[in-house]
Amino acid sequence: MAAAGISDDGPILHSENLTSNVKSIYYSRTFLSIISGVVAGIWGFTGLTGFVFYFIVMMVASLGLLVKAKFSIHNYFDSWNRISIEGVFGGLMIT
1 MAAAGISDDG PILHSENLTS NVKSIYYSRT FLSIISGVVA GIWGFTGLTG FVFYFIVMMV
61 ASLGLLVKAK FSIHNYFDSW NRISIEGVFG GLMIT
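When we follow the UniProt record's numbering, the leftmost residue of the sequence shown carries the number 1, and every step to the right adds one.
One or more hints might be untrue.
[Claimed, not checked] Per label pair, the in silico range of CB-to-CB distance:
| id | residue 1 | residue 2 | range |
| --- | --- | --- | --- |
| 1 | 52 | 30 | 17 to 23 Å |
| 2 | 20 | 46 | 33 to 39 Å |
| 3 | 16 | 47 | 41 to 47 Å |
| 4 | 17 | 48 | 34 to 40 Å |
| 5 | 47 | 17 | 37 to 43 Å |
| 6 | 17 | 44 | 40 to 46 Å |
| 7 | 64 | 17 | 15 to 21 Å |
The set of hints was computed from the structure by calculation and includes no laboratory data. A virtual CB, placed ideally from N, CA and C, is assigned to each residue, including glycine.
Using the sequences and the accompanying hints, generate a full structural model.
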């Protein structure tokens, strides 16, 4: 039960901070898409193997973001989807 005037909704996110955090995810995923495409090409991953490699890189990136946020996603983002799938499919077009 919350005291009068105090909300139990969780941390309040400022729109500027949320926008900055989402941009950081987008830019890091774009960079990783380019790097994973280059590495996949050098290692000869084509077709389905290249797609699997890309998604493994993106899963590792999501795990890295979780660790960086100390598993407190709601302190930095409005939902888990921001960390898990934000920019993944857009980066797929780059590779």
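Against the structure, the hints:
1. Checked against the hint of 17 to 23 Å, the C-beta distance between residue 52 and residue 30 comes to roughly 20 Å, which is consistent with it.
2. Checked against the hint of 33 to 39 Å, the C-beta distance between residue 20 and residue 46 comes to roughly 37 Å, which is consistent with it.
3. Checked against the given bound of 41 to 47 Å, the beta carbons of residue 16 and residue 47, roughly 42 Å apart, stay inside it.
4. The given range of 34 to 40 Å is respected by residue 17 and residue 48, whose C-beta atoms sit roughly 39 Å from each other.
5. Taking the beta carbon of each, residue 47 and residue 17 are about 40 Å apart, inside 37 to 43 Å as hinted.
6. Here the CB-CB span from residue 17 to residue 44 is close to 42 Å, well matched to the stated 40 to 46 Å.
7. Judged by the Cβ atoms, the range 15 to 21 Å given for residue 64 and residue 17 holds: they are separated by roughly 20 Å.
Consistency note: the structure conflicts with none of the earlier hints.
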